[in-house]
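Student: For reference, the chains in residue letters:
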Amino acid sequence: MLVLFGATLRALPRIFRYRRNLAEQLFEIGNASLFMACVLSLFIGGVLSLQAGPLLAQRGLGSMLGGLVGASLAKELGPVMMSILIAGRIGSAMAAELGSMRVYQEIDALRTLNIDPVEYLVLPRVVAISLALPCLLVFSLLIGSAGGAFVAALNPEVAVSATAFFNSLKATLEPRDIIHGLIKTFLFAITVGVVCCNQGLDTMGGPRGIGRSVTKAVVNSIVFILVLDYVITRMLLPFTKASMAGGF
Amino acid sequence: MTSAKIDESGVSVRVQQLRKSFGSQIVLDGVDLEIQPGEIFVLMGPSGSGKSVLLRHLIGLETADSGEIRLNDTRIEDEGVRDRFRLAMVFQSGGLLNSLTVGENVGLYLSEHRLKPAAEIERIVQEKLALVHLGPKDSLKYPSELSGGMKKRVAIARALVMEPQVVLYDEPTSELDPLVAVTVGREIVRANAVTRATTLVVTHDRDLAFGIANRIAFLSEGRIVAVGAPEVIRASQDPLIRRFLSADFTRD
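Quick mapping for you: the protein sequence lines, in order, are chains A and B. Our numbering numbers the first residue of the first sequence as 1 and each following residue consecutively. Our numbering numbers the first residue of the second sequence as 1 and each following residue consecutively.
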């Protein structure tokens, strides 16, 4: 996997040559995931408000709910949930497509045509997922906050108006929190792309092998996302402590 | 089709003591072969005898445990060998990229390596498709819309676009009915006549082998059992070859 990552990095300067493949992959990711990402984010924001709202309201901290929902979405739930969604929807498709190309000798055919499968197949996919996933995080943050505000306003146990919710969100959420989330999402995206492409290229044994590769690609991606989440959070903690002290 | 036509300007392929194992299974057990420039050389043998593995070594998709392969005097592992020699392979399944149209598949080598302008690539693609009896309408189809025989013909056209010096065919008539198999066999002979490329065909189709070969080698359990002109192989008294050539379906 590290070898594939290295080869993809080395091929990166030639991405412009594969702009058509890149555009196709970007469309595929956006088309397949945007609606699902919005639905997921709406309900994550809603559930956060539903769970945390009454607890904060009981302690007279209901007005801080927007900040809590926004920070959770930007720094933790948004990046992790969007990455898991993409691993399930896009990563699995990548592993299946490359696996099928391997099994049906399409990748061997590329090699015989002196075309590097890493440049032709892996590079556009990894770059596309790395560009698309941070964009999805921005959508997730907007829609998730709306979901949180909606539940906060309608739930009588919380009874925080949308204006108060978004005022709290604006006061708490700093650009560095969003950058924190974007960095995480970008690194998760590269991980999902490389893990799934690697699994696809390693496929052996016919249609059953493709099924095995898809399962391994998704499971490995999720494990890597969660492990990396801890590592990156730990590394970025010194940079976000100030904002936590100011907000919560 | 039995007199070997030697092309002095072409590329010879020499295989020396090639060995390959997958785990404990010995697939190639010291294979020696010499293929003359421009000839159609058929490698025949039963399933699992190592024919396709040998072919994959020739195109660089596998690395031998020991032994060597030379194109003229150049070792196939040497740096830049793929720049000096143009090798093409027609896969058993065709190996066409399903996400591309027939035309895009055929022109892929030229477009990806930016060897010609788009209009010129289109002209060459149509020319090569015409060589295998496919028309402009076929170039817009996707591989999933083609029959098995058409896929093989498109794969041959894609190989011809490279103007190859060596063409390798892996089981070109497998999964084809006898009529289409004959057509594909004719396309191989025609392609050889047009390109003068050294041609190696791996098959267990006896009719194809004796119909198109200048010379035939018989491979069994990773070893070359016999090499010679088709009539020599047909007359061989080797029990393995006799059994392979005389195998027929009869009801009890």
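Simulated from the structure, these hints should not be mistaken for lab results. Treat the hints with caution; some may be incorrect.
What the hints assert, rightly or not - For each label pair, taking beta carbons as the anchor points, the in silico distance ranges come out as:
id : chain 1 : residue 1 : chain 2 : residue 2 : range
1  : A       : Phe27     : B       : Ser66     : 40 to 50 angstroms
2  : A       : Met204    : B       : Ile26     : 46 to 56 angstroms
3  : B       : Gly48     : A       : Phe16     : 16 to 26 angstroms
What the hints assert, rightly or not - Short derived list, chain A residues pointing at chain B, Cβ under 10 angstroms:
id : residue
4  : Arg17
5  : Glu76
6  : Gln105
Here a beta-carbon is modelled for each residue, glycine too, at the ideal position from N, C-alpha and C.
Student: State for each hint whether it applies.
Tutor: Quick rundown of the hints versus the structure:
1. Separated by about 49 angstroms at the C-beta atoms, Phe27/A and Ser66/B satisfy the suggested range of 40 to 50 angstroms.
2. The hinted window of 46 to 56 angstroms between Met204/A and Ile26/B is violated, with their beta carbons roughly 20 angstroms apart.
3. The hint said 16 to 26 angstroms for the Cβ distance between Gly48/B and Phe16/A, and at roughly 46 angstroms that hint is violated.
4. Checking Arg17/A against chain B by beta carbon gives a least distance of about 8 angstroms; that is within 10 angstroms, so the hint holds.
5. Nearest Cβ of chain B to the Cβ of Glu76/A: about 37 angstroms, over the 10 angstroms cut. The hint is violated.
6. Interface hint at Gln105/A: satisfied, since its Cβ lies 4 angstroms from the closest Cβ of chain B, which is below the 10 angstroms cut-off.
Against the hints set out earlier in the document, violations occur for numbers 2, 3, 5.
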